[in-house]
Amino acid sequence: MKDPSDDHLLALIGQGDREAFRRLLERHARIMLSLAERITGNPDDAAEVVQEAFLKVWTMASDWRVDGPAAFATWFHRVVFNASIDRRRRRPWIPLDEAPETVDPAPDGVTAAMLRQRRGAVLAAIGELPERQRDALLTHYFAESAGPEMAVRLGLSVGAVEALLVRARRALRKALIRRGITGIGDVS
Amino acid sequence: MRTDPLDEMMTRLFPPVTIAPERVDRLIAGVMAELNSPSLPAPRWGAAWMLPMAATVAGLIVGHHLPSAGGDMNALTLILTSPMLPGSF
Numbered sequence: 001m002k003d004p005s006d007d008h009l010l011a012l013i014g015q016g017d018r019e020a021f022r023r024l025l026e027r028h029a030r031i032m033l034s035l036a037e038r039i040t041g042n043p044d045d046a047a048e049v050v051q052e053a054f055l056k057v058w059t060m061a062s063d064w065r066v067d068g069p070a071a072f073a074t075w076f077h078r079v080v081f082n083a084s085i086d087r088r089r090r091r092p093w094i095p096l097d098e099a100p101e102t103v104d105p106a107p108d109g110v111t112a113a114m115l116r117q118r119r120g121a122v123l124a125a126i127g128e129l130p131e132r133q134r135d136a137l138l139t140h141y142f143a144e145s146a147g148p149e150m151a152v153r154l155g156l157s158v159g160a161v162e163a164l165l166v167r168a169r170r171a172l173r174k175a176l177i178r179r180g181i182t183g184i185g186d187v188s
Numbered sequence: 001m002r003t004d005p006l007d008e009m010m011t012r013l014f015p016p017v018t019i020a021p022e023r024v025d026r027l028i029a030g031v032m033a034e035l036n037s038p039s040l041p042a043p044r045w046g047a048a049w050m051l052p053m054a055a056t057v058a059g060l061i062v063g064h065h066l067p068s069a070g071g072d073m074n075a076l077t078l079i080l081t082s083p084m085l086p087g088s089f
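Residue numbers (the numbering used here), protein chains in the order written: chain V, 1 to 188; chain U, 1 to 89.
Don't read these hints as lab results, they were simulated from the structure.
Glycine included, C-beta positions come from ideal geometry on N, C-alpha and C.
Careful, some of the hints might be misleading.
Stated by the list, open to error - Among chain V residues calculated to face chain U with C-beta under 10 Å, some are: (1) G16; (2) A29; (3) I31; (4) E37; (5) F54; (6) L55; (7) T59; (8) M60; (9) R179.
Unchecked claim - Reference listing, derived: stretches of chain U covered by chain V, where coverage requires no fewer than 3 residues with Cβ under 8 Å from a Cβ of chain V: (10) 6–18; (11) 28–34.
Could you build all of it, start to finish, from the sequences and the hints given here?
Right under this line is the structure:
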C-alpha cells in the first residue's frame, strides 16, 4: 500500500510491525518535535518528550480503536502537548545564559521572567479549555495545519472547524483575561 | 487582512521553530533503537483484544446456560462493559 492511514499503520504496529512503526514516526516526528520544542523551549527536552510518546504508542498500539473519538494525529498532539507541559513544569528555572533564543535575542532578566510567566499562563489556559476547543487551538497554532487539512485531522467539515476555532479563541481570550492578560482582542 | 491579536500573541510567545532533518533522523533512530531495550514494557500484541473477547464469550456461555432471562442480561452486561467498545487507547 502506497500511503496507508495512521489507523492502518497502528493496526500493523499492534501486531509488532516495526516497519509500520517507522513509517508512523517518519510521518509525525517533525511536527511533534516542533510542538514539543515550542512548549518546552528546549530541544533536548522536546526530543525526550517525543521519544517517550512514540514508545508509548509502540507498547499500546494494539489497544488503539479505529472507531474512537479522535484521529490519531489529534490524540497524539494532545499527548505530546500534555507531556511537554509536564516537562516544562519539572524544569521551573533555566539559567538565563542557557535559555533558548526567543522573541528578543537579549532580553533582560525581567523581560525573560515575564515572558516565561506569560507562556505558562497561556498554556494553563489552553489546558483548561474543553477538549474539542483545545484540540482545535493546538492544531491551529502548533500543528502548522489549516483549512481542509485541519478539518481532516479533527474529523470535521471546514465550516465546522472555523466555527470551533471562533469559539475556542473566544474561550481562550476569556480564560486569559481571568488570568490578567489583556490586549488580545474582543471577547464578546 | 487584519491579524488576530491573539494569533499575534501566540506567535510572539511560541515562535515557530525549524526542525532540521537530521534531528528528525536522530529521533527516529533513537526510538527504533529503544525498541530493543529490556527496560521497555513489552507490547501487548493482541492481548488487549483477547481479554475482553474471552470475557464476552464467557458471559455468553454463562448467559446461555442460565435458566431465566437474567442470563441474557448477564451476557449483555458483559458485552456493554467490554473495553472493546469505542474509545482511544
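So, going through the hints one by one against the coordinates:
| no. | hint | result |
| --- | --- | --- |
| 1 | G16 | holds (5 Å) |
| 2 | A29 | holds (5 Å) |
| 3 | I31 | holds (8 Å) |
| 4 | E37 | holds (5 Å) |
| 5 | F54 | holds (5 Å) |
| 6 | L55 | holds (6 Å) |
| 7 | T59 | holds (5 Å) |
| 8 | M60 | holds (5 Å) |
| 9 | R179 | violated (13 Å) |
| 10 | 6–18 | holds (count 10) |
| 11 | 28–34 | holds (count 5) |
Of the numbered hints stated above, the single one contradicted by the structure is hint 9.
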